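Chemist: Each chain, written out:
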Amino acid sequence: MKIKLPVLTGEHFMNGDFACAEGAIAAGCRFFAGYPITPATEISEALSRRMPQVGGIFIQMEDELASMNAILGASCAGVKSMTATSGPGFSLMMENFGLGIMMEIPCVLVNIQRGGPSTGLPTMVGQQDMMQARWGSHGDYEVIALTPSSPQEMFDYTIKAFNLSEKYRLPVLIMSDEIVGHMTEKVVIPKKGDIHIVNRKKPKRGPDKYLMYRPEKDLVPCMANAGEGYKVIATGLTHDEKGYPDMSAEAEEKLITRLCDKIRKNKDDIIEFEVSELDDAEIIVAAYGSPARSALRAIRLARKEGIKAGLIRIITVWPFPEEKILELATKARAIIVPEINKGQIVREVERCSKSRCEIISLPKLARIHTPYEILNVIKEVNNT
Amino acid sequence: MSRNDIHPMDKLIRADRMPHIWCSGCGLGTNFSCFLSALDQSGLDTDKCVIVSGIGCTGRIPGYTNIDSYHTTHGRAIPFATGLKLANPELTVTVFSGDGDLFAIGGNHFIHAARRNVDINIICVNNFNYGMTGGQYGPTTPLDAITTTSPYGNYEHPFNLVHVAAGSGAVFVARWTSLHVRRLTKSIKEALLKKGFTFIEIISPCPTSYGRRNKLGDGLEEMKYYQKNSVISHGIDPKDTDLDLNGKIVVGKFIDIDKPTFLDKQPDLLSMAEKNKK
Numbered sequence: 007m008k009i010k011l012p013v014l015t016g017e018h019f020m021n022g023d024f025a026c027a028e029g030a031i032a033a034g035c036r037f038f039a040g041y042p043i044t045p046a047t048e049i050s051e052a053l054s055r056r057m058p059q060v061g062g063i064f065i066q067m068e069d070e071l072a073s074m075n076a077i078l079g080a081s082c083a084g085v086k087s088m089t090a091t092s093g094p095g096f097s098l099m100m101e102n103f104g105l106g107i108m109m110e111i112p113c114v115l116v117n118i119q120r121g122g123p124s125t126g127l128p129t130m131v132g133q134q135d136m137m138q139a140r141w142g143s144h145g146d147y148e149v150i151a152l153t154p155s156s157p158q159e160m161f162d163y164t165i166k167a168f169n170l171s172e173k174y175r176l177p178v179l180i181m182s183d184e185i186v187g188h189m190t191e192k193v194v195i196p197k198k199g200d201i202h203i204v205n206r207k208k209p210k211r212g213p214d215k216y217l218m219y220r221p222e223k224d225l226v227p228c229m230a231n232a233g234e235g236y237k238v239i240a241t242g243l244t245h246d247e248k249g250y251p252d253m254s255a256e257a258e259e260k261l262i263t264r265l266c267d268k269i270r271k272n273k274d275d276i277i278e279f280e281v282s283e284l285d286d287a288e289i290i291v292a293a294y295g296s297p298a299r300s301a302l303r304a305i306r307l308a309r310k311e312g313i314k315a316g317l318i319r320i321i322t323v324w325p326f327p328e329e330k331i332l333e334l335a336t337k338a339r340a341i342i343v344p345e346i347n348k349g350q351i352v353r354e355v356e357r358c359s360k361s362r363c364e365i366i367s368l369p370k371l372a373r374i375h376t377p378y379e380i381l382n383v384i385k386e387v388n389n390t
Numbered sequence: 089m090s091r092n093d094i095h096p097m098d099k100l101i102r103a104d105r106m107p108h109i110w111c112s113g114c115g116l117g118t119n120f121s122c123f124l125s126a127l128d129q130s131g132l133d134t135d136k137c138v139i140v141s142g143i144g145c146t147g148r149i150p151g152y153t154n155i156d157s158y159h160t161t162h163g164r165a166i167p168f169a170t171g172l173k174l175a176n177p178e179l180t181v182t183v184f185s186g187d188g189d190l191f192a193i194g195g196n197h198f199i200h201a202a203r204r205n206v207d208i209n210i211i212c213v214n215n216f217n218y219g220m221t222g223g224q225y226g227p228t229t230p231l232d233a234i235t236t237t238s239p240y241g242n243y244e245h246p247f248n249l250v251h252v253a254a255g256s257g258a259v260f261v262a263r264w265t266s267l268h269v270r271r272l273t274k275s276i277k278e279a280l281l282k283k284g285f286t287f288i289e290i291i292s293p294c295p296t297s298y299g300r301r302n303k304l305g306d307g308l309e310e311m312k313y314y315q316k317n318s319v320i321s322h323g324i325d326p327k328d329t330d331l332d333l334n335g336k337i338v339v340g341k342f343i344d345i346d347k348p349t350f351l352d353k354q355p356d357l358l359s360m361a362e363k364n365k366k
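Chains A and B, in that order, are what the protein sequence lines are. In our numbering, each residue's number is its place in the first sequence (first place is 1) plus 6. In our numbering, each residue's number is its place in the second sequence (first place is 1) plus 88.
Treat the hints as calculated values from the structure; they're not laboratory data. The model shown is predicted, which means the values in this text are computed figures rather than measured ones. Certain hints may be false.
Unchecked claim - Below 20 Å or equal to it, Euclidean Cα-Cα: the simulated PhoX-like pairs (lysine-lysine) are:
hint: 1; chain 1: A; residue 1: K207; chain 2: A; residue 2: K223
hint: 2; chain 1: B; residue 1: K99; chain 2: A; residue 2: K248
hint: 3; chain 1: A; residue 1: K215; chain 2: B; residue 2: K99
hint: 4; chain 1: A; residue 1: K237; chain 2: B; residue 2: K99
hint: 5; chain 1: A; residue 1: K237; chain 2: A; residue 2: K273
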């Protein structure tokens, strides 16, 4: 028996963690497994209350290794699933994030980033796991990681994360941060019918002809769930299209190339960024997550002073908007990259800009940059 | 193909994956066959049966089984199986894995799934060592046993798996050897049909890695050892079932109780609301 309240349509005053939980419910997530950790615990608390209301399952696992595996299992049974954590838990999840990549299991992993390494600063903000998101599990693969900047975006991009995970069959990362997770703002939840939902492709052939890992044109295979009679065979070993282990170099080449290409070749469909005042901008700020809020204020203040400043707010940090950064670097004098870490995504900006303009890293730890800190750097560049 | 070429369990085997990777004299073929017979006899709709494993020699069993099968990462089969079962309660989910996988790297998952009474079945093949990596000592290796990482004799005390399972809250606990084909098959069938977290330990020969170094002879000789030294003691206190290097092997069904499962205890919000109204 369940009380159906799947979408809380209306205007709310809600923090980012709760908005993420509501986004998950609205996206159709009906299984959440997690382990308490600051500053992501509110997502667990919200879903422990909400899941029974919508006929879903909430389970608090023994650790984050188990949480990640439980959501993979649930997704294999055909139920959209999510987990949420922060730095130390994210490290533990990396092992089976890789299993999700290899078995091509849709699900969503939320990281409300705090200060690290190790136990670090549990209650303060960080963006120090951005490269771990890209490379944290062993082996070669491509990932999708989204970086919301507000509670509203925590709702919106949790839904998008589910849609991308179902479309491309992989665990999708939401790389949020403590400020966005704990910030309370207006969140507008649309009507159920106005929310765009994507579901995984079902097999088009019967069990006799279905192959677990035969890709379609978009390089994504159709997915049979457990219990549907398809005699699913899935393994973390390198495998062929049938799903059978194949311990050959050729099989590794073929499989890993496809796993990378299904993201690389569909990057135009996946990549999202937002630009402000970029048309004539000579000094550009590239930011993501909470610092992007300060950056927007900074470029507006700069404009008031007659400086041609603009902002690119990167929403899909992975795959990285390489071509857009190169295009901007070709036109701009400098790109400033404020991040709450010692300089991680600035490396990507440097790589993609091919030295066409100056790249300035603006690292800061445990606190958000003030707009004036960013403005001062804009002015320094303007005066040189 | 003539009738004689068809194995009676062929419908449940991915025959195109044969030959399997297991060594001659290994107990896994027998254990696998017992599972398939039990599954067949259980009357369960095999389209709704799922098998999950971690890593190791036993971990290869799902890949040979012609039902929905998931070969996950080392130690993580139980939480993966937990997700499958809770997301779709119609499924009968069995984890078939080895002692190192389930009780060293995966030990924490085992005790917590048992504590929660998640309705899944665990079959653990205990061959007293890490077979696939060449025979290192593990959490069940008896004291003084020789392995590739205990060349002077194992100086760690082993787990008694049935005691661990019972202490953690399993509702069904049994132990057999690979020799006890009929009794093992019956136990697996019972476990498949039992509601709640069930555990079956299979003591199984690993002549290549463990038997050879501990002078237990080939697979057949190890079987003869089981025949001579197994003692059936149904209902005995699990703490009295410790195993050692050359001693008796107490087998049987030790626990068979009923208690609410994780899913049985899910909150029923409608009836809670009704109660509050009154």
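Chemist: Does each hint hold? Answer for all of them.
Modeler: Here's how the hints hold up against the structure:
1. K207(A) to K223(A): Distance ~12 Å between K207(A) and K223(A) Cα, so the pair holds.
2. K99(B) to K248(A): Roughly 18 Å between the alpha carbons, so the hint for K99(B) and K248(A) holds.
3. K215(A) to K99(B): The hint holds at about 17 Å.
4. K237(A) to K99(B): 12 Å, holds
5. K237(A) to K273(A): Given pair K237(A), K273(A) is violated - Cα atoms ~32 Å apart, limit 20 Å.
The structure is inconsistent with hint 5 alone, although it conforms to all the rest.
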